[in-house]
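Number of protein chains: 2
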Amino acid sequence: MINAVGRDIPEKVLQDTGMQVFQGAYARHNQTYKKAAPTVRGIVDPKESKMVDSIAEVLKKCGIKDGMTISFHHHFREGDYVVNMVMEEIHKMGIKDITICASSLGKAHNPIVPMIEDGTIVGIQSSGVRGKIGEAISTGKLKGYAIMRSHGGRVRAIEEGDVHIDIAFIGAPTCDCYGNMRAVGGKSDCGVLSYAVADAMYADKVVAITDTLVPYPNLPASISQVYVDYVVKVDEIGNPAKIATGAAKPTTDVRKIMMAEYCTQFVINTPYFKDGFTYQTGVGGASIASTISLGKIMKERGIKMGLGLGGIAGPMCKLLEEGLIEKLVDTQDFDLTAIESVAKNPNHYEITASEYANPMNKGAYVNQLDFVILASLEVDVNFNCNVVVDSNGMITGAQGGHPDTAAGAKCTIVIAPLLQGRTPAICTNVTTVTTPGETVDVVITDYGIAINPRRQDLIEAMKDVKLPFKTIEELRDIAYSIVGEPDPVEFGDRVVGIIEGRDGTIMDVVREIKPYEFD
Amino acid sequence: MINAVGRDIPEKVLQDTGMQVFQGAYARHNQTYKKAAPTVRGIVDPKESKMVDSIAEVLKKCGIKDGMTISFHHHFREGDYVVNMVMEEIHKMGIKDITICASSLGKAHNPIVPMIEDGTIVGIQSSGVRGKIGEAISTGKLKGYAIMRSHGGRVRAIEEGDVHIDIAFIGAPTCDCYGNMRAVGGKSDCGVLSYAVADAMYADKVVAITDTLVPYPNLPASISQVYVDYVVKVDEIGNPAKIATGAAKPTTDVRKIMMAEYCTQFVINTPYFKDGFTYQTGVGGASIASTISLGKIMKERGIKMGLGLGGIAGPMCKLLEEGLIEKLVDTQDFDLTAIESVAKNPNHYEITASEYANPMNKGAYVNQLDFVILASLEVDVNFNCNVVVDSNGMITGAQGGHPDTAAGAKCTIVIAPLLQGRTPAICTNVTTVTTPGETVDVVITDYGIAINPRRQDLIEAMKDVKLPFKTIEELRDIAYSIVGEPDPVEFGDRVVGIIEGRDGTIMDVVREIKPYEFD
Chain D
0 MINAVGRDIP EKVLQDTGMQ VFQGAYARHN QTYKKAAPTV RGIVDPKESK
50 MVDSIAEVLK KCGIKDGMTI SFHHHFREGD YVVNMVMEEI HKMGIKDITI
100 CASSLGKAHN PIVPMIEDGT IVGIQSSGVR GKIGEAISTG KLKGYAIMRS
150 HGGRVRAIEE GDVHIDIAFI GAPTCDCYGN MRAVGGKSDC GVLSYAVADA
200 MYADKVVAIT DTLVPYPNLP ASISQVYVDY VVKVDEIGNP AKIATGAAKP
250 TTDVRKIMMA EYCTQFVINT PYFKDGFTYQ TGVGGASIAS TISLGKIMKE
300 RGIKMGLGLG GIAGPMCKLL EEGLIEKLVD TQDFDLTAIE SVAKNPNHYE
350 ITASEYANPM NKGAYVNQLD FVILASLEVD VNFNCNVVVD SNGMITGAQG
400 GHPDTAAGAK CTIVIAPLLQ GRTPAICTNV TTVTTPGETV DVVITDYGIA
450 INPRRQDLIE AMKDVKLPFK TIEELRDIAY SIVGEPDPVE FGDRVVGIIE
500 GRDGTIMDVV REIKPYEFD
Chain G
0 MINAVGRDIP EKVLQDTGMQ VFQGAYARHN QTYKKAAPTV RGIVDPKESK
50 MVDSIAEVLK KCGIKDGMTI SFHHHFREGD YVVNMVMEEI HKMGIKDITI
100 CASSLGKAHN PIVPMIEDGT IVGIQSSGVR GKIGEAISTG KLKGYAIMRS
150 HGGRVRAIEE GDVHIDIAFI GAPTCDCYGN MRAVGGKSDC GVLSYAVADA
200 MYADKVVAIT DTLVPYPNLP ASISQVYVDY VVKVDEIGNP AKIATGAAKP
250 TTDVRKIMMA EYCTQFVINT PYFKDGFTYQ TGVGGASIAS TISLGKIMKE
300 RGIKMGLGLG GIAGPMCKLL EEGLIEKLVD TQDFDLTAIE SVAKNPNHYE
350 ITASEYANPM NKGAYVNQLD FVILASLEVD VNFNCNVVVD SNGMITGAQG
400 GHPDTAAGAK CTIVIAPLLQ GRTPAICTNV TTVTTPGETV DVVITDYGIA
450 INPRRQDLIE AMKDVKLPFK TIEELRDIAY SIVGEPDPVE FGDRVVGIIE
500 GRDGTIMDVV REIKPYEFD
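Chains as they are written, first to last, in numbering that gives the first Met the number 0: chain D, 0 to 518; chain G, 0 to 518.
Take the hints with a grain of salt, since some may be wrong.
Copies of one chain are not kept apart here, so a pair can be met inside one copy or by any two copies together.
To be verified - Heads up, simulated BS3-like pairs for lysine-lysine below, C-alpha to C-alpha not over 27 Å straight-line:
1. Lys186 <-> Lys34
2. Lys131 <-> Lys462
3. Lys46 <-> Lys33
4. Lys142 <-> Lys303
5. Lys91 <-> Lys140
6. Lys59 <-> Lys317
7. Lys46 <-> Lys462
8. Lys295 <-> Lys64
9. Lys91 <-> Lys106
10. Lys11 <-> Lys60
11. Lys317 <-> Lys273
12. Lys34 <-> Lys64
13. Lys248 <-> Lys513
14. Lys232 <-> Lys273
15. Lys298 <-> Lys11
16. Lys326 <-> Lys343
17. Lys142 <-> Lys298
Worth flagging that the hints you see were computed from the coordinates, not collected in a lab.
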């Protein structure tokens, strides 16, 4: 069945999953649903301790068994030890058919690949995957479908009951004996625990895993004791050096600086650029450069940002400190500056992933965005973006908050250099659709800027602005004229991955890569 | 059927309600249940405003209709305008058969009595009632049963689905246009919104009512935008003069000072009185006097309280400021000192009612209590307490956190002057059981102290302590020898109220007062 972004979703996938095809970014507007709920236990004996000696023991206490769904968060990023630590014990116990529902997975989790191959793990649900896990999925090693969800879409899936988490394992930089978890402090400080809150609220069993036990009560708790069954202390939950890096140096890439300058000029010429505006940006070189150049103009014109949101990096914290941003709401910290800021700056707040981006709650923060500045691997002439599958067909990225912020913001700007090496970023059809073009307003490349024709208001606002505006087709044509039209990826037939729209429908599928191509 | 505190619960009540009789404070230990869940709507249009012009309009938007259950919180105490404001509109619309599920109701709500009489309101669920509402219930004016729940029991009832809230009306001292509510600031500052959090999370529709609209986002929010459907701004949500009073003057009543001294001596001679202990007390004269006298000894001995919790009043805040308490967790503010403290002192934290006292979550704060100091209208020779029904049979009090803290604390101390005028506080059988004797460890009167024989460990700990220990029967006999054994209240047959145990079973019933007695 063809969906609203023109992708043909195989009947077999619809039958296997019971899912619907994507029908438009706001097609589920005002649909009512009964929220999911966990099965929990009471009355807890007031004298009962929640401390458990080891991962192995807590798995037994939680009743781990074949076929369960277990969850993890990715706030430790490439420094995470928790996923491997838990999966190793599950593997030792000979448990099979596990589905991992993680907020994201990265190269740190390469050690679970053999468990995919031997059937310990049969399902992966994640914002994205990288490295060996992506290869394993793309080459058909995973028995079930890999489901890629946006950050908002993951909470939605949990709250709507599309996924039911049997046991949530939550790595906590600090925790007390009764399960109050904080991201701040400890040996593996990660700033916030936003993505894990839904897991705590909706999983049947919740296990806190920490390397830093602190006196009771550990307040203000990111995750409260009332959701936590057990607490396990281990030696190390992460590698601090890989959790957060130092501040990224401002880019010296002239293409990126030029695109950042285009972006800033675009932003300041929209009607949304006024005192109190709301803004989100990513951590790519061009995004960070545009934050810096926007900050200069804000200072010159005396315009303050009311609210900055999303995953937070140093440059936004600097603007907060300088008083150019009034408040930051934070779901993820990309560097040490951000981690320090959320711990110390009273105007820098942790929010949950549901508050950030869930489309099926009563109004997430993304709905209040004036601007979001995003990157993309590919953008097609319908403004559809691909942030998950590389142009060779390999799963290697993550949806993150891309579709969520695009759907919420009044002005969604995607920055992409026209060519990534020999690969055109602007193309006729993206390899895989992750963010629907109807939610993307502007594409900025180093060869020109295209405004989505759906946004005549923005085209009108820019009519006297001196920027190199082009149509999206013109940008594609320039790209193709330089490197030629790329051959389509030759996929196999088998569907290995599902790109889930944030509303729970199927945006696209990812097919197996033909072995000859991979070898 | 006779329950575990010896009360005969009529079959009709069991049939009408489908409830079970109380079988012991921990009888439901480790029972599993699936949590309740609301029916909500998504996807919200990012451009949609949540602001609604009037209570009347918001009632229509929420689809108010006959038979609905609506909820309120009582953080504005006797200064609350919200209940009357909403009920007046519902009454005007001619809606019938409404059940009010409030965290508590007081004399401020006397204006709803005519709505009980005319069938607008047919059910009341509350921690307690006072004044005219109590009279109306006790004299049989309410069509259905009034259900009295503890603070923890109310959250349990909501989370287990015993009560389903159709529309929650949440008065918010400050709110932004998207529904982020705070208790701090504004014209009707009430400190915390703890009791309303479950309403926001479990009601189908949630309406924020404020008199102080503030810029977006109102952070840190006690209740988040993601739970809120609509925001209504009105002129005044409360009368600040009645929300919080100035600090209570220390009592000069020698009986109370003596009981406070007994209490302190008891506390410091238990094994639980050591650095880092956890403590809760009420706002009665003797409780406050005991906090002050305990503070002196803590200072002398260099012993700090690790955590103070519950409803908070000035004396606890003073100990926090002096460094004698490390942290306070707060569900209700009784005076201006407490309201100022929670706004300004970084070691004074707001917690939710579920975190405070819900018996059916994975571990509430009451479970961590070493001591709770409580008051009681009556205590019987089985240590059962009555805090809801006066000895004339009229409903006139509230369960509050009494049964919750008693069940959680390692040492539950009840202070009651032996005689309240001509009424003995220690008696053979309490008029109504609200807190089961198995959870009450010590009763302190001005005529002596009784330790529950179940607590041989405490009896042993006190064997060399010079305090006037007596058996509970001896205390009762002294009381009866002075004022005589009181005649039992002559109730009618009809059951008008149910005292619900915190686990959702029936602790006791309250019968109609015979008209001749009331007139």
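Worksheet entry | Enumerated hints in conflict with the structure, sorted upward | Of the numbered hints given earlier, those the structure breaks are 1, 2, 4, 6, 8, 10, 13, 15 and 17, listed in rising order.
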